[in-house]
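Student: Sequences and hints are given; from them, build the entire structure.
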Amino acid sequence: MTEEKAKSIDQASIELIEKAAKDGVNTVFDRAEAMKPCPIGAVGSCCKNCSMGPCRVPLPKGREETPEDKQKRRGVCGATAETIAARNFIRMVAGGAAAHSDHGRGVAELFLAVAKGEAPGYEIKDEQKLMQVALDWGIEIGDRSNNEIAVDIGEKALAEFGRQEGELITLRKAPLKRQELWRQQGVSPRGIDREIVEIMHRTHIGVDQDYKNLLKQGVRAAIGDGWGGSMIATELQDILFGTPAPVLGKANLGVLEEEEVNIIIHGHEPLLSEMIVAVAQEPEMIELAKSKGAKGINLAGMCCTANEILMRHGVAIAGNFLQQELAIVTGAVDAMVVDVQCIMQSIQTVAECYHTKIITTSPKAKIPGAVHIEFDEHDALKSAREIVKTAIENFPNRKGNVYIPGGVTNQIAGFSHETINYLLGGLFRASYRPLNDNIINGRIRGVAGVVGCNNARVNHNEGHVVMVKELIKNDVLVLTTGCNAIACAEAGLLVPEAAREFAGKGLAEVCETVGIPPVLHMGSCVDNSRILIAATAVVKDGGLGDDISELPVAGAAPEWMSEKAISIGQYFVASGVYTVFGVTWPTTGSKEVTDFLFKEMEEMYGGMWDFEPDPIQAAHLMIAHIDKKRKALGIDKARERVLYDMEMRREMDAV
Amino acid sequence: MEYKVEKTKAPGRDEVEVLGATFEEGVPEGEELGKWRQKLDSREDKLKYLQSGERYWFSEEWFGSEKRKNPA
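As you go down the protein sequences, you meet chains A and B in turn. Residue numbers for the first sequence, in this note's numbering: 32 to 686. Residue numbers for the second sequence, in this note's numbering: 17 to 88.
Just to be clear, a hint being listed does not mean it is correct.
[What the hints assert, rightly or not] Over the 12 Å line for every Cβ pair with chain B, so calculated as not near, a few chain A residues:
1) Leu90
2) Pro98
3) Arg122
4) Asp167
5) Gln240
6) Glu315
7) Lys323
8) Ala396
9) Glu417
10) Arg460
11) Asp658
12) Asp667
[What the hints assert, rightly or not] Below, in silico cross-link-like pairs of lysine-lysine (BS3-like), each with a Cα-Cα straight-line distance of 25 Å or less:
13) B/Lys55 x A/Lys156
14) A/Lys571 x B/Lys64
15) B/Lys64 x A/Lys204
16) A/Lys243 x A/Lys208
[Unchecked claim] The following residues of chain A were derived to be distant from chain B, with all beta-carbon distances above 12 Å:
17) Pro68
18) Glu158
19) Leu161
20) Arg194
21) Gly473
22) Glu493
23) Gly535
Keep in mind that the hints were calculated from the coordinates and are not lab data. We treat Cβ as the ideally placed atom computed from N, Cα and C, and that holds for glycine.
Tutor: Right, dumping it as structure tokens:
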């Protein structure tokens with residue numbers, strides 16, 4: 032008898048995978064078992080960029096490649112395996128950067144409409160962040176009203192997407208040395224859209240056929256994502272909806288309520304979900320729910336929309352990417368409202384086995400069979416009310432086959448850069464100094480950004496949780512976003528008590544003193560820009576070098592699957608961060624391309640990629656890199672700060 | 017934020033004004049629990065905070081290791 036491959040480390044998910052099997056429902060876990068990944072495409076050795084192909088250029092099986100083999104490894108057009116692997120890789124960057132940046136554009140459009148008074152229901156909630164962005168972008172404040180300032184900010188933000196020359200204004204937030212390095216390397220993005228379009232041009236048949244030059248353009252577009260489109264999304268969302276501060280929330284599928292109308296908000300953008308949160312609390316809606324036999328309305332989030340509404344409202348998280356179908360399998364979800372990104376088409380098929388209504392809301396993302404209620408930003412409350420009513424009216428249609436697993440965990444989220452700065456120093460001297468001091472004295476060995484998706488090719492949440500536990504055990508403070516944050520929440524790592532249970536002695540001391548968890552939830556995947564800003568603040572506070580590449584930090588995406596993860600990884604690397612990915616690596620079909628990404632990029636950008644599917648080994652690679660940086664900074668031996676009294680000073684003066 | 021000023025005697029001087037306690041009494045409750053940005057009321061307060069709290073980017077007086085080498 033063969034041992035069945037584990038599908039999840041999460042008990043609630045395991046129970047619902049079993050329920051799905053009993054109910055005869057096909058899920059992502061079944062499909063991953065039934066269909067293996069294409070071995071040629073998986074390593075980047077398949078080109079389908081023209082109709083002379085698709086051309087497959089795999090490495091020879093079971094032996095080293097000979098020079099003759101290499102000569103033969105070309106597409107019909109003559110493109111080498113290196114060109115093909117690099118093309119495929121940067122097209123992934125383009126896809127990811129486009130997704131994040133189009134999210135940013137949508138926020139900027141709404142922001143401008145709010146500033147002009149054309150989007151009722153929304154308002155500027157965080158004047159301080161408005162001032163901050165105005166100062167950053169050189170916009171006059173004076174005695175002007177918030178809306179006047181916001182109009183200028185909105186117009187400037189939108190112009191960044193279509194900018195044709197110069198540099199993005201948001202690059203000014205980066206360490207000065209990093210900005211200069213980008214200029215020297217010729218990778219400062221001219222405009223967010225331009226760099227993505229240029230990737231599509233260069234990777235068209237017969238254009239750029241130098242893998243190094245292709246990868247350089249990938250770096251440029253990725254910087255335009257992390258330091259551009261994603262950063263604009265984060266900054267403007269903070270102004271509109273509030274900069275996150277610590278908030279208590281709950282996590283996992285058990286947050287669904289059997290006797291209430293359950294609405295899951297799934298996807299990535301908070302524009303509509305903010306309105307749904309408001310509408311679900313309206314007395315008329317609660318009355319309507321009661322009239323249908325429910326005790327109330329229960330909102331829960333899924334994926335990065337979940338992170339957005341958790342960070343700002345404490346709305347519970349039902350799960351991450353691989354739990355979206357399982358939520359429906361409970362039989363208790365009356366509506367799943369989706370916008371964009373990471374939404375499986377199969378949720379509609381699963382929903383048809385129960386009573387759940389899938390409601391698409393974006394003109395960019397429709398699913399056949401789903402109800403489409405388009406989100407109109409100029410009348411957002413109307414859209415939100417129609418959605419919530421649809422869910423309520425569906426409550427009596429439940430089929431009786433309801434099972435909601437237990438195992439709900441608590442979590443503290445909301446660690447924006449601004450809040451970390453405040454928590455460490457207080458209102459009068461907000462500061463990263465305590466963090467830097469504790470890195471220098473060795474209590475905190477380093478900082479890791481662990482982010483990214485779920486991937487059905489590996490055991491759900493195992494890579495995330497095992498890696499993060501190994502890092503904090505070794506006194507590495509973890510900053511998390513996206514599906515990693517949700518995995519950590521479900522494993523109970525996002526509460527201060529986790530420091531005592533899981534963290535090393537030094538990190539636990541710091542966490543207990545400040546009152547923070549050892550793993551800080553910083554938001555959704557566009558909020559990886561918050562990690563960049565936090566790293567920059569550490570640099571600017573001083574004592575740990577002049578650039579992000581000198582810091583004892585590392586990045587990882589142990590269960591990555593999306594193109595967005597590749598774009599994120601690439602801008603981490605381009606910002607000077609050593610970044611390890613798990614599961615699989617999409618360029619191993621070309622040794623030259625892989626070596627360039629894993630080795631030569633370190634010489635160019637101070638950061639480089641790496642690949643290690645074992646999460647413990649990957650954590651050790653990150654710790655080894657952190658130790659390398661500590662040694663270079665001369666802080667590899669633990670030292671306490673000595674406070675000199677007057678007698679000791681006199682002794683020094685006497686010498 | 018309104019500052020409380022207390023008068024107290026100082027050695028060699030009669031009476032001096034010192035800044036009083038700045039903590040808020042009681043325990044925060046409800047949705048505002050843990051939020052801190054509302055402590056800054058006026059635009060002037062907010063801009064002052066940016067200059068001190070976010071001095072890494074906005075202060076002309078603060079010198080981190082980076083700014084020593086690259087005067088703004």
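Student: None of the hints should be skipped; say for each whether it holds.
Tutor: Status of the hints after comparison with the structure:
1. Leu90: holds (45 Å)
2. Pro98: holds (48 Å)
3. Arg122: holds (35 Å)
4. Asp167: Since the minimum Cβ distance to chain B is about 7 Å, A/Asp167 lies within 12 Å and the statement is violated.
5. Gln240: holds (39 Å)
6. Glu315: holds (21 Å)
7. Lys323: holds (27 Å)
8. Ala396: holds (31 Å)
9. Glu417: holds (26 Å)
10. Arg460: Nearest chain B Cβ is 7 Å from A/Arg460, so the label is violated.
11. Asp658: holds (22 Å)
12. Asp667: About 19 Å separates A/Asp667 from the closest Cβ of chain B, which puts it past 12 Å; holds.
13. B/Lys55 x A/Lys156: Between B/Lys55 and A/Lys156 the Cα gap is close to 14 Å, so the pair holds against 25 Å.
14. A/Lys571 x B/Lys64: Holds, at about 19 Å.
15. B/Lys64 x A/Lys204: This hinted pair holds, its Cα atoms lying about 19 Å apart.
16. A/Lys243 x A/Lys208: Holds, because 23 Å separates the two Cα atoms, which is no more than 25 Å.
17. Pro68: holds (44 Å)
18. Glu158: Label violated. Min Cβ-Cβ 6 Å, cutoff 12 Å.
19. Leu161: violated (9 Å)
20. Arg194: The claim stands: A/Arg194 keeps its Cβ more than 12 Å from every Cβ of chain B (closest is about 21 Å).
21. Gly473: Non-interface label on A/Gly473 holds, nearest chain B Cβ at 19 Å vs cutoff 12 Å.
22. Glu493: holds (31 Å)
23. Gly535: holds (26 Å)
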